[in-house]
Each structure stands twice: as C-alpha cells, then as structure tokens.
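There are 2 protein chains.
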Amino acid sequence: MIHNFNAGPSILPNEVFREAADAILNFNNTGLSILELGHRTPVFTAVMDEARSLAKELMNLDDDHKVLFLHGGASTQFMQVPMNLLDLKDTASYADTGVWSSKAIKEAKLFGKIDVVCSSKERNYRFIPKDFAVPNDAKYLHITTNNTIYGSQWQSIPTTSNVLVADMSSDILSRNIDFNSFGLIYAGAQKNIGAAGVSLVVINEQILGKTKRPIPTIMDYRNHIAEGSMLNTPPVFAVYVCLLTLRWLKKLGGLSAIEKINNEKAALLYNALDSNDLFQTHVVKEDRSKMNVCFTMKNSDHEQLFQDFAKENGVIGIKGHRLSGGFRASLYNALPLSSVEYLVELMQSFSQKHG
Amino acid sequence: MIHNFNAGPSILPNEVFREAADAILNFNNTGLSILELGHRTPVFTAVMDEARSLAKELMNLDDDHKVLFLHGGASTQFMQVPMNLLDLKDTASYADTGVWSSKAIKEAKLFGKIDVVCSSKERNYRFIPKDFAVPNDAKYLHITTNNTIYGSQWQSIPTTSNVLVADMSSDILSRNIDFNSFGLIYAGAQKNIGAAGVSLVVINEQILGKTKRPIPTIMDYRNHIAEGSMLNTPPVFAVYVCLLTLRWLKKLGGLSAIEKINNEKAALLYNALDSNDLFQTHVVKEDRSKMNVCFTMKNSDHEQLFQDFAKENGVIGIKGHRLSGGFRASLYNALPLSSVEYLVELMQSFSQKHG
Numbered sequence: 001m002i003h004n005f006n007a008g009p010s011i012l013p014n015e016v017f018r019e020a021a022d023a024i025l026n027f028n029n030t031g032l033s034i035l036e037l038g039h040r041t042p043v044f045t046a047v048m049d050e051a052r053s054l055a056k057e058l059m060n061l062d063d064d065h066k067v068l069f070l071h072g073g074a075s076t077q078f079m080q081v082p083m084n085l086l087d088l089k090d091t092a093s094y095a096d097t098g099v100w101s102s103k104a105i106k107e108a109k110l111f112g113k114i115d116v117v118c119s120s121k122e123r124n125y126r127f128i129p130k131d132f133a134v135p136n137d138a139k140y141l142h143i144t145t146n147n148t149i150y151g152s153q154w155q156s157i158p159t160t161s162n163v164l165v166a167d168m169s170s171d172i173l174s175r176n177i178d179f180n181s182f183g184l185i186y187a188g189a190q191k192n193i194g195a196a197g198v199s200l201v202v203i204n205e206q207i208l209g210k211t212k213r214p215i216p217t218i219m220d221y222r223n224h225i226a227e228g229s230m231l232n233t234p235p236v237f238a239v240y241v242c243l244l245t246l247r248w249l250k251k252l253g254g255l256s257a258i259e260k261i262n263n264e265k266a267a268l269l270y271n272a273l274d275s276n277d278l279f280q281t282h283v284v285k286e287d288r289s290k291m292n293v294c295f296t297m298k299n300s301d302h303e304q305l306f307q308d309f310a311k312e313n314g315v316i317g318i319k320g321h322r323l324s325g326g327f328r329a330s331l332y333n334a335l336p337l338s339s340v341e342y343l344v345e346l347m348q349s350f351s352q353k354h355g
Numbered sequence: 001m002i003h004n005f006n007a008g009p010s011i012l013p014n015e016v017f018r019e020a021a022d023a024i025l026n027f028n029n030t031g032l033s034i035l036e037l038g039h040r041t042p043v044f045t046a047v048m049d050e051a052r053s054l055a056k057e058l059m060n061l062d063d064d065h066k067v068l069f070l071h072g073g074a075s076t077q078f079m080q081v082p083m084n085l086l087d088l089k090d091t092a093s094y095a096d097t098g099v100w101s102s103k104a105i106k107e108a109k110l111f112g113k114i115d116v117v118c119s120s121k122e123r124n125y126r127f128i129p130k131d132f133a134v135p136n137d138a139k140y141l142h143i144t145t146n147n148t149i150y151g152s153q154w155q156s157i158p159t160t161s162n163v164l165v166a167d168m169s170s171d172i173l174s175r176n177i178d179f180n181s182f183g184l185i186y187a188g189a190q191k192n193i194g195a196a197g198v199s200l201v202v203i204n205e206q207i208l209g210k211t212k213r214p215i216p217t218i219m220d221y222r223n224h225i226a227e228g229s230m231l232n233t234p235p236v237f238a239v240y241v242c243l244l245t246l247r248w249l250k251k252l253g254g255l256s257a258i259e260k261i262n263n264e265k266a267a268l269l270y271n272a273l274d275s276n277d278l279f280q281t282h283v284v285k286e287d288r289s290k291m292n293v294c295f296t297m298k299n300s301d302h303e304q305l306f307q308d309f310a311k312e313n314g315v316i317g318i319k320g321h322r323l324s325g326g327f328r329a330s331l332y333n334a335l336p337l338s339s340v341e342y343l344v345e346l347m348q349s350f351s352q353k354h355g
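Order-wise, the sequence lines are chains A and B. Residue 225 in this note's numbering is what sits at position 225 of the first sequence, and the numbering runs on without skipping anything. Residue 153 in this note's numbering is what sits at position 153 of the second sequence, and the numbering runs on without skipping anything.
Hints should not be assumed to be uniformly reliable.
Residues from chain A that keep clear of chain B, each with C-beta distances beyond 10 angstroms, as calculated [to be verified]:
(1) P9
(2) I24
(3) S33
(4) L35
(5) K103
(6) K106
(7) D115
(8) C118
(9) K130
(10) R175
(11) V241
(12) E286
(13) K298
(14) L323
(15) S351
(16) Q352
Derived list of chain B stretches under chain A, where covered just means 3 residues or more per stretch with a C-beta under 8 angstroms from a C-beta of chain A [claimed, not checked]:
(17) 154-168
(18) 223-230
(19) 253-267
Everything labelled a hint here was simulated from the structure, so no lab data went into it. The beta-carbon is built from N, C-alpha and C at its ideal position, and this holds for glycine as well.
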C-alpha cells in the first residue's frame with residue numbers, strides 16, 4: 001500500500017484510474033480506444049460538454065462565467081492573462097505570495113505596467129498579506145490562492161472593485177468559495193482536477209474584448225469560448241480524466257463535502273505537527289494551506305532519517321520543494337483521510353524512537 | 001472488427017493501447033498510476049529522455065537538432081515559430097498549400113512581414129507548387145509537408161539556402177527524409193506520434209537567439225531546450241504514449257520500413273480508385289498524399305450510399321473534411337495494410353452493385 005503525497009501530478013481517485021484504463025482499451029463500448037477517437041465525433045464532444053457543464057455546476061457559476069479546457073498548463077496562463085486583459089499603457093496589480101506569483105509577475109511585465117501591491121517575499125513567503133490597497137484604475141488584481149511551495153493559502157478571498165484574477169492551480173475545487181466573484185480563474189489540472197496536460201480556465205466573458213493589442217488566434221479566450229474549447233484538437237484523454245474526476249467529486253457531494261474532508265485532513269496533520277517536539281511549521285497559523293502542509297525537523301539530522309523511515313513505510317512524495325527544503329505533504333482532494341492518519345502515526349513512532 | 005481511417009486523433013498500434021492502459025493501473029511496477037507520478041521523479045524523467053532520444057535516433061538527427069515535446073498542438077506553433085524567428089521588420093516566406101498553411105500565415109503576420117511565395121489556392125489546393133523563388137533575405141521558408149484536408153503532399157523537400165521550417169503534423173515519421181535539412185519541424189502528435197495533447201518540435205539550435213523581440217518564458221524554445229522539455233509540468237501521459245509509439249516504430253524497423261509499408265498502402269488504394277469508374281480523385285498524381293487519400297464519387301447520389309455501406313461494414317473515419325467534402329481515408333503509420341485491402345474490397349463490391 002502506497003500513500004501518495006505528491007505535490008502534482010498527484011493522486012487521483014482509484015475509480016478514475018480504473019475507468020481511464022478501460023477507456024483506453026474500449027471507450028464507452030465503441031470498440032475504439034479513446035486515444036484513436038476523432039475529437040469532433042459525438043462521443044467525444046459529449047465528454048467535453050459534460051466536463052464543462054459539471055465544472056460549472058460544481059463551482060456554481062453564473063451564465064457570464066465560461067468554462068474552458070485549454071492546452072498548456074498554468075505557465076501559459078501567466079502570459080495569456082495579461083495578453084488578453086492588459087494594454088501596454090495599462091496597469092495591473094499583483095500580490096506576490098510565492099514563486100508562482102513571481103513567475104506570473106515576470107511574464108505580465110511584457111504586456112503592461114505591473115504594480116506589486118503586496119509581497120511576503122522578505123519573510124520567505126510565510127504569510128498572506130492582508131493590508132494592501134489596489135489602485136482604482138488597475139485593470140485587475142492577480143492572486144495565487146494557494147502557494148504550493150511554501151504551504152500558505154488565502155483563507156479569505158480579498159474583496160475588491162477591480163477585476164479579480166486567480167491562479168488556483170493547487171487548491172481549485174477544494175473548498176466552497178464564491179467563484180463568481182472572480183473575473184478569471186486558471187488552474188493546471190494535475191492536482192485537483194485530473195491529469196497533467198490540460199488547464200481549466202473560467203472567465204467572466206464581460207471582461208474580454210477591452211484591449212487593443214492584436215491577440216494570436218490560439219491565445220484569444222474569445223475564440224476558445226466561441227468554439228467550446230474545440231478551437232484546435234483538445235488534449236482529448238486529459239479532458240476525459242478531468243470528466244471522470246469531476247464525476248467522482250459530484251458523487252461525493254461536491255465542494256461542501258470535499259471541503260469538510262479537506263478541513264479534517266489538514267487539522268489532523270497540523271495538530272500532530274504542533275504537538276510534536278521534533279517537527280516544526282513556519283507559515284503563520286491563520287494562513288496555513290489545507291492543500292500543502294510544509295514542515296521541517298527541529299534537528300536537521302533527523303530529516304534524512306524521517307525521509308527514509310517514511311519511504312520504507314510506503315509514504316511517497318513528502319520531500320519539500322528544492323527552494324524551501326524540509327517536507328511537504330500534499331493533501332489534495334483524492335488523498336484519503338486514512339493516508340493522513342497513517343502519516344501521523346509514522347510521525348509519532350518516529351518521535352518515540354528519536355525524541 | 002473496426003477499420004479506423006480517422007484523420008486525427010487516429011489509430012495507434014494495439015500494443016500501444018495495451019501498454020498505455022497498463023501504465024494507468026500500475027506504471028512499470030511502481031504500484032502507481034502514471035497519472036499520479038511526479039514529473040521530476042526518475043521514472044518519468046527516464047520516459048522523457050527515452051522519448052527524445054528515440055525521436056532523434058529515428059529521424060537520424062545531428063547534435064545541433066534538439067527534440068522537444070511541448071504543450072499546445074501545432075496551432076500554438078503557428079504563433080510560436082514567428083515569435084522566435086522573426087522581428088517585426090523581417091520577412092518570412094510561406095508556401096500556401098492548404099487551410100493549415102493559411103492558418104500559419106495568418107498568425108505569422110502578427111510578428112513580421114509575410115511573403116506568400118507560392119499558392120495552390122486558386123486551384124482548390126489540388127497540387128504542390130514547384131516553381132517559386134524565395135528571397136535571399138527571407139528569415140525562413142515555411143511549408144506544410146502534407147495537406148490533410150486536400151490530400152496533397154510535398155514528395156520532395158524544396159532545396160533552399162534559407163532556413164526551412166515545416167509543419168509535419170500529418171506525415172512526420174512516415175518516410176525517410178533528410179530531417180537535418182530543416183531549421184525547425186513541428187507536428188501535433190495525434191496522427192503518427194501518439195495521442196492528442198502534445199507536439200513534437202525539432203529545432204536546429206543555431207537558428208535561435210537572433211531576434212530582438214522579448215519572448216514570454218513559456219514561448220522561448222531556448223528555455224525548453226535548456227530544461228529538456230521540463231520547463232513546466234509536461235503532458236506526462238501524452239509523452240508516454242509517444243514513447244510507446246516510437247518504440248513500436250523502432251521495433252518495426254524505423255522510417256525505411258514504415259515508408260515501404262506506407263507506399264504499399266497508398267499504391268493499393270490509389271490504384272483501386274484509378275481503376276474504378278464510380279470514384280475519382282482530384283490531386284495531381286505526382287503530389288498525391290500517402291497519408292490522406294481524398295476522393296469523391298462521380299455520381300454524387302452515391303456518396304451517402306457508400307458512406308452508409310462502409311459504416312455498416314465497420315469502416316469509420318472516411319468522411320471528408322467539411323471544407324472539401326467527399327471522402328478521406330487516412331493511412332497513418334499504425335493503420336494496417338489489411339484495413340486498406342478491406343476498404344478496397346468494399347469499393348469493389350459497391351461498384352459491382354451500383355456501377
């Protein structure tokens with residue numbers, strides 16, 4: 001039995017693996033593999049339509065908010081967002097809460113004036129800034145709702161009169177928030193939505209079409225909306241894995257149900273860390289991520305020992321990101337509570353031995 | 001038994017389907033699905049490395065030519081190529097041999113001056129232009145080696161002192177040509193390389209770094225070369241399907257072996273069309289595509305009849321593209337000769353009945 005705490009690509013529900021494997025051998029009793037299916041055949045357009053409509057339903061989106069499944073990962077969105085929303089003379093505001101935020105900032109600078117309205121960089125990204133102002137004329141405010149590398153998360157979404165844009169790659173669909181308050185949301189699928197190779201993008205179409213820059217066809221969100229995410233050959237199989245994962249999430253009870261489970265998993269692990277003398281966390285309590293729990297050992301000699309102990313006992317993916325070191329346990333939607341209970345038991349046995 | 005003549009996504013070898021399904025349940029005896037595998041784990045970096053090196057070996061590329069697996073499909077390359085190779089004041093030459101060429105031309109116009117040096121558009125793209133000159137100062141000449149919609153193909157690659165760029169989406173790896181004579185080659189994977197959701201790009205790195213335009217990080221080929229196609233999370237599963245298909249192709253004997261089979265398949269079908277009074281083809285003989293065989297019925301009343309007859313008998317994917325009408329049988333690498341023999345027999349029975 002393996003307990004997979006990978007930061008992404010990461011664990012998905014077992015039934016998704018089974019159904020995905022079946023579809024590769026014989027998709028929906030067509031006698032064809034999903035890999036050899038034309039993307040404009042009714043059997044696949046039904047997959048795309050259901051995936052988009054399930055995402056809309058789960059996020060409770062209004063009709064202005066369009067759901068897209070696009071090629072390219074969130075790193076492409078770092079460029080595509082300002083290309084669509086910002087003219088060179090315009091200003092956009094960005095909150096810098098981690099490496100991914102700062103990558104988004106770097107790309108946006110090619111397309112307009114970027115105003116970093118707040119940053120936690122000087123304190124090694126250990127908190128989420130609360131006290132900042134966004135200029136009225138900023139075309140949008142960009143936030144990264146969860147910071148995978150440092151383990152911090154916006155527990156409440158800032159209220160702003162500006163268009164709100166969010167990179168939700170590592171916490172989308174993990175909790176019930178007002179998704180309609182965002183102008184644009186993007187997320188690589190490979191954590192909570194499905195497999196690597198596709199991104200979910202949600203856009204309030206009212207915010208589009210306001211810039212003068214000529215936009216390449218494949219980068220213009222309006223074209224993808226008009227074509228229902230079928231402007232070019234979509235990443236067929238990756239979209240299907242998203243559909244299977246969204247179905248699983250709906251069956252489980254949707255975002256309120258998964259939020260309750262995610263809260264329970266995070267509380268269990270943080271409590272174990274707080275009450276164990278060998279381990280320590282660094283993010284301020286109120287900003288702790290419920291998706292990525294980052295920690296170190298007080299005695300750095302223990303780190304390799306605990307790493308080995310975890311591995312011997314079937315726990316994988318808990319090594320921290322190279323930029324932050326230590327450990328990171330990712331508790332994405334598909335990770336069962338039992339895996340967190342198991343990790344907590346390992347921490348306790350380790351501390352009885354080495355404490 | 002289904003005979004899959006889909007134009008793409010299209011048929012792949014049966015063993016690729018079996019191995020891909022296995023990897024989703026348990027990848028290489030890791031006890032993990034390939035969908036939950038971290039992309040920086042040694043088991044996956046080995047996949048990426050082998051896929052890149054097999055592509056290099058099969059295409060007999062020299063060390064200046066780098067192989068990349070990128071997100072985004074060929075439609076993204078329409079933009080990415082001129083973004084990397086062309087300054088606004090520069091000129092690039094394009095050959096217009098079909099809808100995909102003209103889409104590439106449209107996107108390139110955002111990045112520089114585009115000189116359409118030849119076009120077969122006025123004759124409905126029924127031939128490949130031979131008599132054209134490329135200005136010495138053109139930064140590159142862009143061709144589309146195979147025209148999926150109209151069924152024409154460059155049977156010999158133009159010799160030019162300019163950098164040669166090719167969209168090979170629908171005939172890459174189908175024949176032995178001098179791939180080192182190209183500065184840049186791109187191809188969506190969903191025909192001859194693997195599944196939808198990834199593109200193969202081959203670049204002579206000597207042609208890069210010569211423009212002044214600031215290039216977004218994710219669009220700059222140099223970054224992808226430096227990071228070995230792991231600049232961001234790659235489309236993990238789609239890359240693995242490419243690897244499986246490349247292994248199959250190598251085992252079969254590589255490009256010379258597949259070219260022989262492809263020649264045989266195409267000859268069989270074109271001979272049947274040429275010798276049957278009910279059917280007709282439109283592309284001039286010397287420019288006929290060996291990948292996509294397009295044809296119509298002399299009596300248009302026969303078209304729906306033949307479509308239904310083929311379908312009843314397990315032949316799928318032969319409906320022509322909506323722009324060209326009629327029929328299109330795609331004979332990609334993985335389509336067995338026996339499927340072509342079967343289609344030819346159906347044509348003969350049909351013509352005995354209706355001729």
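The hints, checked one at a time:
P9/A, annotated as away from the interface, has a beta carbon of chain B within 10 angstroms; the closest lies near 6 angstroms. Its closest Cβ contact with chain B, about 4 angstroms, brings I24/A to no more than 10 angstroms, contrary to its assignment away from the interface. With a least beta-carbon separation of about 5 angstroms from chain B, S33/A fails to lie farther than 10 angstroms from that chain, contradicting its non-interface assignment. Under the 10 angstroms C-beta cut-off, the non-interface status given to L35/A relative to chain B is violated; the minimum distance is some 5 angstroms.
Against the 10 angstroms criterion, K103/A falls within the reach of chain B, whose nearest CB is about 8 angstroms from its own CB. A beta-carbon of chain B comes within 10 angstroms of the beta-carbon of K106/A; the shortest separation is about 7 angstroms. Annotated as non-interface, D115/A keeps its C-beta farther than 10 angstroms from every C-beta of chain B; the closest such distance is 19 angstroms. The Cβ of C118/A sits about 23 angstroms from the closest Cβ of chain B, beyond the 10 angstroms cut-off, so the non-interface label holds.
The claim that K130/A is not at the interface with chain B holds, since no C-beta of that chain comes within 10 angstroms of its own (minimum 30 angstroms). Listed as a non-interface residue, R175/A keeps its Cβ farther than 10 angstroms from every Cβ of chain B; the least gap is roughly 22 angstroms. With a least beta-carbon separation of about 7 angstroms from chain B, V241/A fails to lie farther than 10 angstroms from that chain, contradicting its non-interface assignment. Every C-beta of chain B lies more than 10 angstroms from that of E286/A, the closest at about 30 angstroms, which supports listing it as non-interface.
No beta-carbon of chain B comes within 10 angstroms of the beta-carbon of K298/A; the shortest separation is about 27 angstroms. Interface exclusion of L323/A from chain B stands, the closest Cβ pair being 13 angstroms apart, more than 10 angstroms. The beta carbon of S351/A sits about 27 angstroms from the closest Cβ of chain B, which is more than 10 angstroms, so the claim that it is off the interface holds. At the 10 angstroms boundary, the C-beta of Q352/A stays outside the reach of chain B, the nearest C-beta of that chain being 28 angstroms off.
Note: the region 154-168 of chain B has 0 residues with beta-carbon separation from chain A under 8 angstroms; the three-residue rule is not met and the coverage is violated. For a cut-off of 8 angstroms, the count of residues in the region 223-230 of chain B with a CB near a CB of chain A stands at 0, and the three-residue condition is violated. With a threshold of 8 angstroms between beta carbons, the proposed coverage of the region 253-267 of chain B by chain A is violated, since 0 of its residues qualify and at least three are required.
In terms of the numbered hints stated before, the structure departs from hints 1, 2, 3, 4, 5, 6, 11, 17, 18, 19, listed from lowest to highest.
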